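Peer 1: The lines below spell out each chain.
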Amino acid sequence: MSECIVITSGKGGVGKTTTSANLGVSLARLGHRVVVMDADIGLRNLDVIMGLENRIVYDLVHVIEGECRLKQALIRDKRLDNLYLLPAAQTRDKNCVTPDQMRDLVAQLKEEFDYVLVDCPAGIEQGFRNSVAGADRAIIVTTPEVSAIRDADRIIGLVEAAELPEPTLVINRFRQKMVDRGDMLDKADILEILAIPLVGIVPDHEEIIVSANRGIPVAYDDESVVGEAYRRVARRLTGEPEVPFIAEQPTGFWSNIKRWMGMSPARGAV
Amino acid sequence: MHQIIRRIFGTQGSKNDAKSRLKLLLVHDAVDLTPAEMEAMKAEVIEVMSKYIALDRGEVEFKLERNEGEIALVSNVPVRRVTARAG
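Protein chains in written order, with my numbering: chain Y, 1 to 270; chain W, 1001 to 1087.
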């Protein structure tokens, strides 16, 4: 049974595209056939995050306008042969596609793939309506900030208005050290406010910048804490809801010493 | 270290500001009432209630509150005494 999951947030810059790419990689690494679709027509970026920007010939708009077949527009990942990207058009805009066309496109993709992940553009306009049109459920990405959570709350309402089931939440850019000193909203605060089920906490880490520089999602890296956080999201989505959440590594003086001496595991659970 | 300093001086982290601002923001986003409209509603409700009961107009509270995603309008109306009904 295939499923289409839209990754959305309302606010821009909270990590929708990074989350889409890493969930795509993580689900594919679990053995599922996965396509990640960039629905940000006019401002495509998922290709860059996945390191596939040089392979684009056709895009989503070409497929919808009948200029090529779906299979011609699908780009196979460099490392995983069960992971594909359907890129967005860069020189068009959101209004050149309708929700009905997106619904048809998703239905076609679901015949070929176990998971269709849709990377939704920021905002609540046409791009959002197109992205949720074919989706079976939604993942909301937020960061522990007032503005991002406010927008997430608005999007939760719009997802429910679109008659999708209750969305789930990924908290991105989480900093345990700031939470510990009372300068960042913690898991309980955010869940109290948004009141939807949590599927992931992703620590804020320099690795994300490095991986974006290289075009290699962190979910490939078995040593990466952020990669592990995303892999756990994928496991929670595919029938392992009890997998514990990843915290930022303890960074205090003694935990550093212990880590150097190999006394403490590199990863902790919240 | 920060925690120790805060414990000594009794200051709180900025997360409490974030949380209280967010709660207020979300309630007003959801209800879509301006502060002026809230005041107008409060005045009208007080007007209606004061036909039936004697209340301290200055003490009446009207607040939007949010808990677990549910929004409630919470009002506290101190009553002086029930007015004697004619007839």
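Hints were generated in silico from the structure; no laboratory data involved.
Incorrect hints may have been included.
Straight-line distance between alpha carbons at most 35 Å, and here's what the computed DSBU-like set of lysine-lysine pairs gives [unchecked claim]:
1) Y:Lys94 / Y:Lys110
2) Y:Lys78 / W:Lys1051
3) Y:Lys94 / W:Lys1023
4) Y:Lys110 / Y:Lys71
5) W:Lys1051 / Y:Lys71
6) W:Lys1063 / W:Lys1051
7) W:Lys1042 / W:Lys1023
8) Y:Lys187 / Y:Lys71
9) Y:Lys11 / W:Lys1063
10) Y:Lys11 / Y:Lys78
11) W:Lys1019 / Y:Lys11
12) W:Lys1015 / W:Lys1051
13) W:Lys1051 / W:Lys1019
14) Y:Lys11 / Y:Lys71
15) Y:Lys177 / W:Lys1019
16) Y:Lys78 / Y:Lys94
17) W:Lys1015 / W:Lys1063
18) Y:Lys110 / Y:Lys78
19) W:Lys1023 / Y:Lys177
20) W:Lys1042 / Y:Lys94
21) W:Lys1063 / W:Lys1023
22) Y:Lys11 / W:Lys1051
23) Y:Lys71 / Y:Lys177
24) W:Lys1042 / Y:Lys177
25) W:Lys1019 / Y:Lys187
26) Y:Lys94 / Y:Lys71
27) Y:Lys11 / W:Lys1015
28) W:Lys1051 / Y:Lys187
Since we're looking at a predicted model, the values are computed, not measured.
Peer 1: Starting from Y:Lys94, check that the Cα of Y:Lys71 is at most 35 Å away, please.
Peer 2: Between Y:Lys94 and Y:Lys71 the Cα gap is close to 22 Å, so the pair holds against 35 Å.
Peer 1: Run the distance test for W:Lys1051 versus Y:Lys187: straight-line Cα separation, threshold 35 Å.
Peer 2: This hinted pair is violated, its Cα atoms lying about 48 Å apart.
Peer 1: So if I understand the rule, the pair passes when the alpha-carbon distance is 35 Å or less; does Y:Lys187 with Y:Lys71 pass?
Peer 2: Outside the cut-off at roughly 41 Å; violated.
Peer 1: Decide if the proposed pair is consistent with the structure: W:Lys1051 and Y:Lys71, CA atoms, cutoff 35 Å inclusive.
Peer 2: 73 Å, violated
Peer 1: Within a Cα-Cα threshold of 35 Å, do Y:Lys11 and Y:Lys71 meet the stated pairing?
Peer 2: Given pair Y:Lys11, Y:Lys71 holds - Cα atoms ~32 Å apart, limit 35 Å.
Peer 1: For Y:Lys11 and Y:Lys78, compute the direct alpha-carbon distance and say whether it is at most 35 Å.
Peer 2: Holds, because 30 Å separates the two Cα atoms, which is no more than 35 Å.
Peer 1: For Y:Lys110 and Y:Lys71, compute the direct alpha-carbon distance and say whether it is at most 35 Å.
Peer 2: 13 Å, holds
Peer 1: Take a quick look at whether Y:Lys11 and W:Lys1063 sit within 35 Å of each other, Cα to Cα.
Peer 2: Status holds; Cα separation ~28 Å.
Peer 1: Between W:Lys1042 and W:Lys1023, does the CA-CA distance stay at or below 35 Å?
Peer 2: 21 Å, holds
Peer 1: For the pair we were handed, Y:Lys71 and Y:Lys177, check the Cα-Cα distance against 35 Å.
Peer 2: Since the Cα atoms of Y:Lys71 and Y:Lys177 sit roughly 46 Å apart, the hinted pair is violated (cutoff 35 Å).
Peer 1: With a cut-off of 35 Å on the C-alpha distance, tell me whether W:Lys1063 and W:Lys1051 pass.
Peer 2: 22 Å, holds
Peer 1: Given the hint that Y:Lys177 pairs with W:Lys1019, test it: the Cα-Cα distance must not exceed 35 Å.
Peer 2: 18 Å, holds
Checked against the numbered hints above, the structure breaks hints 2, 5, 8, 12, 13, 20, 22, 23, 24, 28 and satisfies the rest.
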